[in-house]
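Chemist: Listed here are the chains, written in short residue letters.
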Amino acid sequence: MSTDRLTQLLQSAFPDATELQVVDRTGGGDHFQVVVASASLHGLSLVEQHRRVYEALSEPLADGTIHELRIKTKGTA
Amino acid sequence: MSYESKIRDVIEGSDVALFMKGTPAFVMCGNSDRALQALRRAGAPVTAVDILPDPQIRQELSAISGWPTIPQVFVKGELLGGADIVEELERSGELEQTLREKLGDGYAERRDETTVAVA
Chain A
1 MSTDRLTQLL QSAFPDATEL QVVDRTGGGD HFQVVVASAS LHGLSLVEQH
51 RRVYEALSEP LADGTIHELR IKTKGTA
Chain B
1001 MSYESKIRDV IEGSDVALFM KGTPAFVMCG NSDRALQALR RAGAPVTAVD
1051 ILPDPQIRQE LSAISGWPTI PQVFVKGELL GGADIVEELE RSGELEQTLR
1101 EKLGDGYAER RDETTVAVA
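Order-wise, the sequence lines are chains A and B. Residues in the first sequence are numbered consecutively from 1, following our numbering. Residues in the second sequence are numbered consecutively from 1001, following our numbering.
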């Protein structure tokens, strides 16, 4: 899967994101690192913040396209 | 055969439960290792479960926790998170703080690693 597709999915889930990064960690299209900073994450626990990211990427996670996902989230005030 | 009740027993009955790929003695995945090492550095008493013996273990665990990836760390029955969160909490000092709050000040004296098979 391309980083573009993941970026699209994250953009539609976090339209207000002030920071949105997707890195293909190995170049193989299945190990990704994503960074999301968004006001919609503000005040949520890390577990809840990561859940929002998992929800946004539920399809590629469920069908096995994403083998590994590293997540960094920030709730901006 | 369902593993659900055994999985729930481990989550609810352990101070710190770590669902991982492999065992602490033979870790099979880098992310499971990241979580394990952070818990070790924090002195956590860890009850580890290897999810690899049957894919159904992971399916049922994720259905219970609502968390799609492995590893998964629980403290006193509550999901703390995966490797990224555990490392982030360690860096901010919140990992030890949470362990102290939930397990008591002397938790590190009980530092221990147990491996439990659910399959």
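Where hints are given, some of them may not hold.
Mimicking DSS-like on lysine-lysine, the simulated pairs with C-alpha atoms at most 30 Å apart in a straight line are [to be verified]: (1) B:K1076 <-> A:K74; (2) B:K1021 <-> B:K1076; (3) A:K72 <-> B:K1021; (4) B:K1021 <-> A:K74; (5) B:K1021 <-> B:K1102; (6) B:K1006 <-> B:K1076; (7) A:K72 <-> B:K1102; (8) B:K1102 <-> B:K1076; (9) B:K1021 <-> B:K1006; (10) B:K1102 <-> A:K74.
Sample of chain A residues facing chain B (criterion: CB under 7 Å; computed from the structure) [what the hints assert, rightly or not]: (11) L61; (12) R70; (13) I71.
Calculated directly from the structure, the hints in this document are not laboratory data. Keep in mind it's a predicted model, so treat the numbers as computed, not measured. Idealized CB from N, CA, C, for every residue including glycine.
Chemist: Which hints from the list above does the structure break, by number from lowest to highest?
Modeler: none
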